[in-house]
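**Student:** One letter stands for each residue in the lines below.
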Amino acid sequence: MPGIRLQAPPGVRNVRYTVVEAANPYPVPYTCTSPMMGGCGSTHLFKTHHLNIDDTGAVIVSTGVYDRIKSRLELDGYVLANEVAKPPPIIVNGMPDVPAVVLFSPSNMEGH
Amino acid sequence: MANALYTAFRNGVLGSHATRVDLDADTIKVALIDHGTDTPAPTTDDFYNDISAGLVGSLSSALTTKTIGTVAAGVFDSDNVTFTAVSGNSVESVNMLKDTGNTATSDLIAYYDTATGLPVTPNGGDITVTVAAGGWFTF
Numbered sequence: 001m002p003g004i005r006l007q008a009p010p011g012v013r014n015v016r017y018t019v020v021e022a023a024n025p026y027p028v029p030y031t032c033t034s035p036m037m038g039g040c041g042s043t044h045l046f047k048t049h050h051l052n053i054d055d056t057g058a059v060i061v062s063t064g065v066y067d068r069i070k071s072r073l074e075l076d077g078y079v080l081a082n083e084v085a086k087p088p089p090i091i092v093n094g095m096p097d098v099p100a101v102v103l104f105s106p107s108n109m110e111g112h
Numbered sequence: 113m114a115n116a117l118y119t120a121f122r123n124g125v126l127g128s129h130a131t132r133v134d135l136d137a138d139t140i141k142v143a144l145i146d147h148g149t150d151t152p153a154p155t156t157d158d159f160y161n162d163i164s165a166g167l168v169g170s171l172s173s174a175l176t177t178k179t180i181g182t183v184a185a186g187v188f189d190s191d192n193v194t195f196t197a198v199s200g201n202s203v204e205s206v207n208m209l210k211d212t213g214n215t216a217t218s219d220l221i222a223y224y225d226t227a228t229g230l231p232v233t234p235n236g237g238d239i240t241v242t243v244a245a246g247g248w249f250t251f
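Protein sequences, first through last, are from chains A and B. Quick note on our numbering: the first sequence kicks off at 1 and runs consecutively. Quick note on our numbering: the second sequence kicks off at 113 and runs consecutively.
Treat each hint with caution, since some may be false.
Said to hold, decoys possible - Facing chain B, a subset of chain A residues (Cβ under 7 Å, in silico):
(1) 24
(2) 38
(3) 39
(4) 41
(5) 49
(6) 58
(7) 60
(8) 62
(9) 63
(10) 65
(11) 66
(12) 87
(13) 92
(14) 93
As the list claims (entries may be wrong) - Sample of chain A residues with no beta-carbon within 12 Å of chain B, all distances over it, derived:
(15) 14
(16) 55
(17) 84
Keep in mind that the hints were calculated from the coordinates and are not lab data. Glycine included, each C-beta is placed from N, C-alpha and C at the ideal position.
Just chain A, with the same shape it has in the complex:
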C-alpha cells in the first residue's frame, strides 16, 4: 500500500503539525504521550493526528489518514506531492513499564 507524500507550505519545516477531527470525539479523552515519546502531552477530546514535518517540508501519511484529513490539509495549504511506493518503516520502541504484578509480598503475609 503506497503512502502519500504531502508538501507543507513554504516556511513550515521541522515542526509537528496537528490535525484535529472536530467531528470525531474520542469515546474517552485521550492523554497523549509526552513530547519525549512522540506525543504532545496534551489531553485530546477529538481524534487527533500528529504529523512530523521534515526539514524539506514533507511528510508521508497512509491513505487512511489522508482520506480523513484531506480537507483540513487543503485549507492549511498542504499539497499532495506524490505517492510513495515503499514508505520508510516506523518503529514503536519498547513496551515498558507494565507494573509488575505482586502475587505475594512479605507485607501481605504479615499477621497471617
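Model the placement of chain B on the given structure of chain A, informed by the hints.
**Tutor:** Okay, now just chain B, sitting in the frame of chain A:
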C-alpha cells in the same frame, strides 16, 4: 491512562475467568488500536470483541520465540512484532491478546499506550513494535 495488564487476564491467572491464557501454548497476537473508534478499558474489557472495532490494519502474526522466565523471573518475552504496510488511521495503543479465532473468546492480555513512538500516524509502510529489553511484562 498507563500501560497495564487487563484486569480480566490478571483474574484469569488466579482462576476466576471463563477462559485461561497459556502464554506458551496459545496463539498470542498484537493489535494496533485507534482510540477514536474504540478506546480500550483495561479494567473492564475482557475479550477482543470489546476493542476490535478500533483495529487498524490487521492483527499481527502470532508472537514468535516466546519465553517465560528466561529474561528474568516471571517475565514474558518474544521477538519484535512487525505490521506490514499499515494504511489505516492513527494509532493510540498497542494491545496483546490470545487469538482463538473468535473475537468473543480471545482474551485481552496487555495494554500499552505509553511507549516511544506512540501515538503513531501510519505512513503506509511497516510498523515495528520492539519489545523492551525487560520483556513484555512481569508477573
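**Student:** None of the hints should be skipped; say for each whether it holds.
**Tutor:** Status of the hints after comparison with the structure:
1. 24: Given a least distance of 5 Å, the restraint on residue 24 of chain A holds.
2. 38: Cβ of residue 38 of chain A sits 5 Å from chain B, so the hint holds.
3. 39: holds (6 Å)
4. 41: Not OK, violated: residue 41 of chain A not within 7 Å of chain B, min 12 Å.
5. 49: holds (5 Å)
6. 58: Violated, because the Cβ-Cβ distance from residue 58 of chain A to chain B comes to roughly 11 Å (cut-off 7 Å).
7. 60: Result: holds, 4 Å to nearest chain B Cβ.
8. 62: holds (4 Å)
9. 63: holds (5 Å)
10. 65: It holds, given that the least Cβ distance between residue 65 of chain A and chain B is near 6 Å, below 7 Å.
11. 66: violated (9 Å)
12. 87: Holds, about 3 Å.
13. 92: holds (4 Å)
14. 93: With a closest approach of 4 Å, the residue 93 of chain A hint holds.
15. 14: Non-interface label stands for residue 14 of chain A: nearest chain B Cβ at 16 Å, farther than 12 Å.
16. 55: Consistent with the label, residue 55 of chain A stays out of reach of chain B, its closest Cβ about 17 Å off (over 12 Å).
17. 84: Violated: least Cβ distance 7 Å, not greater than 12 Å.
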